[in-house]
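Chemist: The listed protein sequences correspond, in order, to chains A and B.
All residue numbers for the first sequence refer to full-length UniProt numbering, where the first residue is 1 and numbers rise by one.
All residue numbers for the second sequence refer to full-length UniProt numbering, where the first residue is 1 and numbers rise by one.
A couple of the hints might just be wrong.
Unchecked claim - Only some residues are given here: those of chain B computed to face chain A with a beta carbon under 8 Å:
{"no.": "1", "residue": "ASN54"}
{"no.": "2", "residue": "ASP85"}
{"no.": "3", "residue": "ALA103"}
{"no.": "4", "residue": "LEU185"}
{"no.": "5", "residue": "ARG187"}
{"no.": "6", "residue": "HIS189"}
Source of the hints: derived by calculation from the structure; they are not laboratory data.
Predicted model only: the values in this text are computed from it and were never measured.
All residues carry an ideal CB built from backbone N, CA and C; glycine is no exception.
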Amino acid sequence: MSEELHDVRLTVNGASHEIRVPARRLLSDALRHDLRLTGTHVGCEHGVCGACTVLVDGEPMRACLMFAVSAVDHEITTVEGLTHADGSLSPVQQAFAECHGLQCGFCTPGFLTTITAGLRDNPQPTHEEARDMIAGNLCRCTGYQNIVKAVERAAELGSEARTSTTGGAS
Amino acid sequence: MKPAPFDYRRPGSIAEAVQILAGEPNAKVLAGGQSLVPLLSMRLAAPAMLVDINAIPGLDAIEVEDGGVRIGALARHAAVLASPDVRRVQPLVPMALAHVAHATIRNRGTTVGSLIHADAAAEMPVVLSLLGGSVDVDGPSGRRTIPASELYVGPLESSLHHDEIAVSAFFPALAPGAGVAFQELARRHGDYALVGAAALVEGESVEVGYLSVSDVPTVVDLSGVDDADLGEAALAQLEPADDIHATAAYRAQLVRVLTGKVVRSAREWADQHAEGAR
Ligand SMILES: Cc1cc2nc3c(=O)[nH]c(=O)nc-3n(C[C@H](O)[C@H](O)[C@H](O)COP(=O)(O)OP(=O)(O)OC[C@H]3O[C@@H](n4cnc5c(N)ncnc54)[C@H](O)[C@@H]3O)c2cc1C
Ligand code: FES
Ligand code: FES
């Protein structure tokens, strides 16, 4: 049986890609297998673990619960797209490195995308809000203490960056 | 963990979607996919075709109407939860939505999709049932309104015909002086609840809706019951079931505890907001 293929144009991290995939190709698999963007990880494939979380038009969504064919009208950002153009780490990535927010790193891409959007919407979260921000993501080895610390550190780094670019004026 | 092959259609209008559905008896509507895609990936469902409604314009509207608020089929849980109109007209909707999954799931999942999916462990079918809301559906023979009381026919089964599309849901407004509350117990925040309860108190009338107790959303009338007897009176009308998540006895205990709590907090809500209005 030959399966019907669809021509799909995906916009990922600002670049446009043409792929030919069956309708059942999950967005997570399209990113990893067709576009070779293997930063997006796949754990449970049913929406529970959060490892596959990407930003769709800036909002965190599960890549394993979307089909590539349905992603055509959207701008997708993966963990690869969080790094600055010069290769330096974003505040959230920097904070994970500083706070020991990862061990094996399997869950990390989903945390980074989720927190990036979370801090954009709420740049100065309380401790409770920082915990809530990551409540939909599972980590099996680091534990959550350091990840929460990383959220709070990333908020600090973000506000330092904002003050320095605005010349200290607040 | 990959879906079986299916044909894919992405219609640009409701009329086109209805026509496609009429031509393929084994087709399913794809809205947010947050319930359907896991079922496909686990191969618990293998429809011949998916009709993706995400490209149909105008379906994401949230509008205040006479007597309530109407939520379009593509309004995401997150948009409904954030809507000041919804919060003002019917505060029970955001109270319950805050317990639906995690923010990331709410960014994609739709409130109408959750109503049609008809999971007895889901929050919104209970809210619609308790408030006496309805769903508007479009099909080959035109549009019809299904009242919540006729929507839920069995576990994961709504009375929608296979060739019909739900276009919107209507949640009636909270009457002046009335109060609402929602509480649930889940193992972790964002998980499906072991038991949840929503209360609506309006003068002498007291009604409570339950999720995860029976295999359909269930509303019981507790008007005139003494406060101390609320839990037992509710249980007299319910048959909590055993499953892998909780025993029937534990569910019964949760019903006892939650019933009194939600009724009390719905009354408190009414009192606070009556004072606020003065
Ligand atoms: C990890 C996780 C946790 C979750 N936790 C909860 C929770 O605690 N509480 C809760 O209530 N839900 C929970 N959900 C489910 C979530 O709320 C879904 O968004 C919702 O149940 C279905 O909405 P959807 O738009 O994603 O529908 P889909 O998955 O696209 O569709 C679900 C079903 O409804 C049908 N359907 C959808 N829209 C229409 C329409 N307009 N017309 C006709 N048929 C339609 C589809 O054909 C399908 O059968 C969870 C999901 C995940 C992945
Ligand atoms: S792989 Fe998508 S949520 Fe686990
Ligand atoms: S770092 Fe290993 S699972 Fe989170």
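Chemist: Are the hints correct? Go through all of them and say.
Modeler: Here's how the hints hold up against the structure:
The criterion of a C-beta within 8 Å of any C-beta in chain A is met by ASN54(B), whose closest approach is roughly 6 Å, and the hint holds. Interface hint at ASP85(B): violated, since its Cβ lies 20 Å from the closest Cβ of chain A, which is beyond the 8 Å cut-off. For ALA103(B), the shortest C-beta to C-beta distance to chain A is roughly 6 Å, which falls under 8 Å, so the interface hint holds. Given hint, LEU185(B) at the interface with chain A, is violated; its Cβ is 16 Å from that chain's nearest Cβ, farther than 8 Å.
Checking ARG187(B) against chain A by beta carbon gives a least distance of about 13 Å; that is not within 8 Å, so the hint is violated. The beta carbon of HIS189(B) is positioned within 8 Å of a beta carbon in chain A (closest approach about 6 Å), and the interface hint is therefore held.
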